[in-house]
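Visitor: Read off the chains here:
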Amino acid sequence: MSEIAQSLTLASELIATGDNRLAAIVGLSLQVSLSATLLSCALGIPLGALLAVGRFPGRHALIILFNGLMGLPPVVVGLLVYLLLSRAGPLGELGLLFTPTAMVIAQTVLVMPIIAALTLQVIEDEWHEYREQLRSLGASRLRAGRTLIWNARFSLTTAGLAGFGRAIAEVGAVMIVGGNIDGVTRVMTTTIALETSKGDLPLALALGAILITVVLLVNAVAFFLRQWAEKRWG
Amino acid sequence: MSHWIELRSLRRTEGTVCILSDIELKLGAGKTALIGPNGAGKSTLLRLMHGLLRPDAGSVIWPRPLTQAMVFQRPILLRTTVLANIEYGLKLRGVSARERRKRALSALERVGLSHLVQRQGRRLSGGEQQRIALARVWALEPQVLFLDEPTASLDPLSRHEVERIIGEIAASGTKIVMATHNLGQARRIAEEVLYLEAGRLLEQTPVSEFFHQPRTAAARAFLAEETG
Chain P
10 MSEIAQSLTL
20 ASELIATGDN
30 RLAAIVGLSL
40 QVSLSATLLS
50 CALGIPLGAL
60 LAVGRFPGRH
70 ALIILFNGLM
80 GLPPVVVGLL
90 VYLLLSRAGP
100 LGELGLLFTP
110 TAMVIAQTVL
120 VMPIIAALTL
130 QVIEDEWHEY
140 REQLRSLGAS
150 RLRAGRTLIW
160 NARFSLTTAG
170 LAGFGRAIAE
180 VGAVMIVGGN
190 IDGVTRVMTT
200 TIALETSKGD
210 LPLALALGAI
220 LITVVLLVNA
230 VAFFLRQWAE
240 KRWG
Chain C
28 MSHWIELRSL
38 RRTEGTVCIL
48 SDIELKLGAG
58 KTALIGPNGA
68 GKSTLLRLMH
78 GLLRPDAGSV
88 IWPRPLTQAM
98 VFQRPILLRT
108 TVLANIEYGL
118 KLRGVSARER
128 RKRALSALER
138 VGLSHLVQRQ
148 GRRLSGGEQQ
158 RIALARVWAL
168 EPQVLFLDEP
178 TASLDPLSRH
188 EVERIIGEIA
198 ASGTKIVMAT
208 HNLGQARRIA
218 EEVLYLEAGR
228 LLEQTPVSEF
238 FHQPRTAAAR
248 AFLAEETG
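So the sequence lines, in the order shown, correspond to chains P and C.
Just remember that our numbering sits 9 ahead of the position in the first sequence, which is counted from 1.
Just remember that our numbering sits 27 ahead of the position in the second sequence, which is counted from 1.
Keep in mind the hints are simulated off the structure, nothing from the lab.
Owing to the predicted nature of the structure, the values given are computational and were not obtained by experimental measurement.
Built from N, CA and C at the ideal position, the CB exists for glycine as well.
Be aware that one or more of the hints could be misleading.
Below 25 Å or equal to it, Euclidean Cα-Cα: the simulated SDA-like pairs (lysine to any residue) are [as the list claims (entries may be wrong)]:
(1) K118/C with Q170/C
(2) K118/C with E133/P
(3) K58/C with S86/C
(4) K129/C with G77/P
(5) K118/C with R162/P
(6) K240/P with G154/C
(7) K53/C with G66/C
(8) K53/C with A84/C
(9) K240/P with G153/C
(10) K240/P with S152/C
(11) K118/C with R144/P
(12) K118/C with H137/P
(13) K118/C with W159/P
(14) K207/P with I221/P
(15) K58/C with R144/P
(16) K58/C with E168/C
(17) K207/P with F107/P
(18) K118/C with F163/P
(19) K53/C with E252/C
(20) K53/C with E230/C
(21) K240/P with S86/C
(22) K240/P with T108/C
(23) K240/P with S141/C
(24) K118/C with G147/P
(25) K58/C with S36/C
(26) K58/C with A198/C
(27) K240/P with S149/P
(28) K58/C with E141/P
(29) K118/C with P55/P
(30) K118/C with S149/P
(31) K118/C with R140/P
(32) K129/C with H137/P
(33) K129/C with S86/C
(34) K118/C with F107/P
(35) K53/C with R242/C
Which bits of chain C does chain P cover? Going by a derived footprint, with three or more residues having C-beta under 8 Å, they are [as the list claims (entries may be wrong)]:
(36) 91 to 99
(37) 113 to 120
(38) 144 to 152
Please model the complete structure; the sequences and the hints are all you need to start from.
Guide: Take a look at the structure:
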């Protein structure tokens, strides 16, 4: 018990003093996960909207695929991206394995289907409400999709935040493709896993506290953003 | 009077239910009211004429192309300002930004809502939202306007205002086809009545004649029921 209390005290000190190592790990985590989330939004939101308003062969299969991909096990994604980027893999020549870029790619593969599937749900509801009006005004499906993305911007921001929450808390994929190299690819989750196994609890606890705070903050922002948008825009 | 739209042997089904059957119609009047009991097929007929639905059989023929627009029972505005809502339809038609602004402001003035120009459309009252929906189509200057129960969910004051706007749109030369449950409204606005029941067009009669001497027993029974 005293060991846990001592670790908690040391963890608080690490946070309070703004320990450089801690700050570097948190910074890299945020950088990787924010990049992956932005990339996922750029790809997933138009794709989700297209699936919601479009009518083309294979649409249902794609919807099932994206809904299924929402539950992708991170370690499997890590393994697939590893194979893709490894020296013998098709993208091996790019030399991206064990770099933050590889981690961004892995997290994008994980998060993009989530954002696409959430966008699909949001835009399908919007399409149900606005379809006749937009068609009556002369909007093509493509144009309607664009309009509805803008119209649902706050709900989609929430989807983006959900994606970020998934990315920042993920450990399996970044561990495999990043290699957890100190000062290069070590992020909060992989450090927690490593330091706990080594018995260095203060750093693991400090990072755990920061990670939980970030996830809670993201959820709080999503909650208040929805409320604000509802009041402001109706 | 030459007609501007013709429906030939029009039929529409939803699943196994026949919503409209054997609709034969030529419309030449400027202001037409579409009346009948719930489930008669009024909204479906409007949507078929406007092109939002396709018939399962028969055809909708426009002898000459006319620009058209539609206002729905519930106004459906985008989550943006009143002005942007009105400009949206014009933007879709490729109208320049300067012209869009001019026409949107003019339409807002005509519906008496200039003071709401920068307000969020969806935060306004139902009556105001419906007037904005009317301003949005008025700005498009359509030659034909379809209206699906435009005052059904409004209070008497808003209903009166919306009726005034519809009257002005009609006076500007736009042909009006309006589904309504409100017989007084049909009387005030329309020149001609289409009476629908159970998916069949039973009457196409001038408005004064319809309310005094409907041609069919079904319409007589409907009027007797509605007017108590």
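Visitor: It remains to establish, for every hint, whether it holds in the given structure.
Guide: Do the hints match the structure? See the list:
no.	hint	verdict
1	K118/C with Q170/C	18 Å, holds
2	K118/C with E133/P	24 Å, holds
3	K58/C with S86/C	22 Å, holds
4	K129/C with G77/P	49 Å, violated
5	K118/C with R162/P	20 Å, holds
6	K240/P with G154/C	19 Å, holds
7	K53/C with G66/C	22 Å, holds
8	K53/C with A84/C	17 Å, holds
9	K240/P with G153/C	16 Å, holds
10	K240/P with S152/C	14 Å, holds
11	K118/C with R144/P	14 Å, holds
12	K118/C with H137/P	22 Å, holds
13	K118/C with W159/P	15 Å, holds
14	K207/P with I221/P	21 Å, holds
15	K58/C with R144/P	24 Å, holds
16	K58/C with E168/C	16 Å, holds
17	K207/P with F107/P	22 Å, holds
18	K118/C with F163/P	23 Å, holds
19	K53/C with E252/C	28 Å, violated
20	K53/C with E230/C	12 Å, holds
21	K240/P with S86/C	46 Å, violated
22	K240/P with T108/C	14 Å, holds
23	K240/P with S141/C	23 Å, holds
24	K118/C with G147/P	10 Å, holds
25	K58/C with S36/C	23 Å, holds
26	K58/C with A198/C	10 Å, holds
27	K240/P with S149/P	30 Å, violated
28	K58/C with E141/P	23 Å, holds
29	K118/C with P55/P	21 Å, holds
30	K118/C with S149/P	13 Å, holds
31	K118/C with R140/P	17 Å, holds
32	K129/C with H137/P	31 Å, violated
33	K129/C with S86/C	38 Å, violated
34	K118/C with F107/P	49 Å, violated
35	K53/C with R242/C	18 Å, holds
36	91 to 99	holds (count 3)
37	113 to 120	holds (count 4)
38	144 to 152	holds (count 4)
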